Amino acid sequence: DTAVSQTPKYLVTQMGNDKSIKCEQNLGHDTMYWYKQDSKKFLKIMFSYNNKELIINETVPNRFSPKSPDKAHLNLHINSLELGDSAVYFCASSQEFRDEQYFGPGTRLTVT
Amino acid sequence: GDSVTQMEGPVTLSEEAFLTINCTYTATGYPSLFWYVQYPGEGLQLLLKATKADDKGSNKGFEATYRKETTSFHLEKGSVQVSDSAVYFCALTYAHQGGKLIFGQGTELSVKP
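Protein chains in written order, with this note's numbering: chain A, 4 to 115; chain B, 507 to 619.
It should be emphasised that the hints constitute simulated quantities derived from the structure, not laboratory data. Values in this document were obtained by computation on a predicted structure and should not be read as measured data. We put the CB at the ideal spot given by N, CA and C, even for glycine. A hint or two may mislead.
As the list claims (entries may be wrong) - Some chain B residues near chain A, calculated using beta-carbon distances under 7 Å:
hint, residue
1, L550
2, A556
3, G584
4, S585
5, V588
6, G605
7, K606
8, F609
Unchecked claim - For each label pair, taking beta carbons as the anchor points, the in silico distance ranges come out as:
hint, chain 1, residue 1, chain 2, residue 2, range
9, A, A6, B, E522, 29 to 37 Å
10, B, E575, A, R101, 20 to 28 Å
11, B, G515, A, R66, 27 to 35 Å
12, B, K566, A, S8, 20 to 28 Å
13, A, K12, B, E514, 24 to 32 Å
14, B, V588, A, K44, 34 to 42 Å
15, B, D508, A, D41, 17 to 25 Å
16, B, V588, A, G19, 38 to 46 Å
17, A, T113, B, T532, 30 to 38 Å
18, B, P546, A, N29, 44 to 52 Å
19, A, T62, B, T532, 18 to 26 Å
Stated by the list, open to error - Interface residues of chain A toward chain B, partial, derived using beta-carbon atoms under 10 Å:
hint, residue
20, Y38
21, E61
22, T62
23, D88
24, A95
25, S97
26, F106
27, G109
For reference, chain A alone in the conformation it holds in the complex:
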């Protein structure tokens, strides 16, 4: 069983469109995260949720809206996509804040 899964794996879309990425974890963790990896492989946190409550919003444009319908799911909706949004987006989860995080396989978003 996959611990942290994301869909889709690849997403190619045009500027101005709205898209969503879904994430699910079956580890029973309380905390979930979204990270962005740029073309130079640099990773930066975007959001964290604990028990469906937003904990971190790391100065991400408000075109990005995370939604956590339950503890096992954290989705990312992006409005009005821009070229600079092209990146790999990783979902992750952990039991406690200080614990190791388990990452999903990533979603490669390409905006044309």
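Keeping the supplied structure of chain A fixed, place chain B upon it in accordance with the hints.
Leaving out everything else, chain B in the frame of chain A:
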């Protein structure tokens, strides 16, 4: 602010060579430290961790020791294999920062047969 700095890559080694990837950090408190590995086309996997000073994390022949006095967490392996070719990330986190992992820039390792 807190930060993590890793040695520049790419690092190219021959099989069975000794590996060191340097990692130093700047922290205002006492973070937990991690090494994650990213194989081509995949997500990140935890390689090892240390939660307090002088702890040694180890896994799959890799080791790193949390050195508070030098603010370092260098990754070592005595004999690398071709299958170790990947990008390695050093990272830190605090419990009070909502679990935010602060990553170094990553070091690409290529091991040749």
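Now the hints, each set against the structure:
no., hint, in the structure
1, L550, "holds, 4 Å"
2, A556, "violated, 11 Å"
3, G584, "violated, 24 Å"
4, S585, "violated, 25 Å"
5, V588, "violated, 21 Å"
6, G605, "holds, 4 Å"
7, K606, "holds, 5 Å"
8, F609, "holds, 4 Å"
9, A6(A) <-> E522(B): 29 to 37 Å, "holds, 32 Å"
10, E575(B) <-> R101(A): 20 to 28 Å, "holds, 22 Å"
11, G515(B) <-> R66(A): 27 to 35 Å, "holds, 33 Å"
12, K566(B) <-> S8(A): 20 to 28 Å, "holds, 24 Å"
13, K12(A) <-> E514(B): 24 to 32 Å, "holds, 30 Å"
14, V588(B) <-> K44(A): 34 to 42 Å, "violated, 21 Å"
15, D508(B) <-> D41(A): 17 to 25 Å, "holds, 20 Å"
16, V588(B) <-> G19(A): 38 to 46 Å, "holds, 44 Å"
17, T113(A) <-> T532(B): 30 to 38 Å, "holds, 34 Å"
18, P546(B) <-> N29(A): 44 to 52 Å, "violated, 25 Å"
19, T62(A) <-> T532(B): 18 to 26 Å, "holds, 20 Å"
20, Y38, "holds, 8 Å"
21, E61, "holds, 7 Å"
22, T62, "violated, 12 Å"
23, D88, "violated, 19 Å"
24, A95, "holds, 8 Å"
25, S97, "holds, 6 Å"
26, F106, "holds, 4 Å"
27, G109, "holds, 5 Å"
Hints 2, 3, 4, 5, 14, 18, 22, 23 from the list above are not met by this structure, while the remaining hints are.
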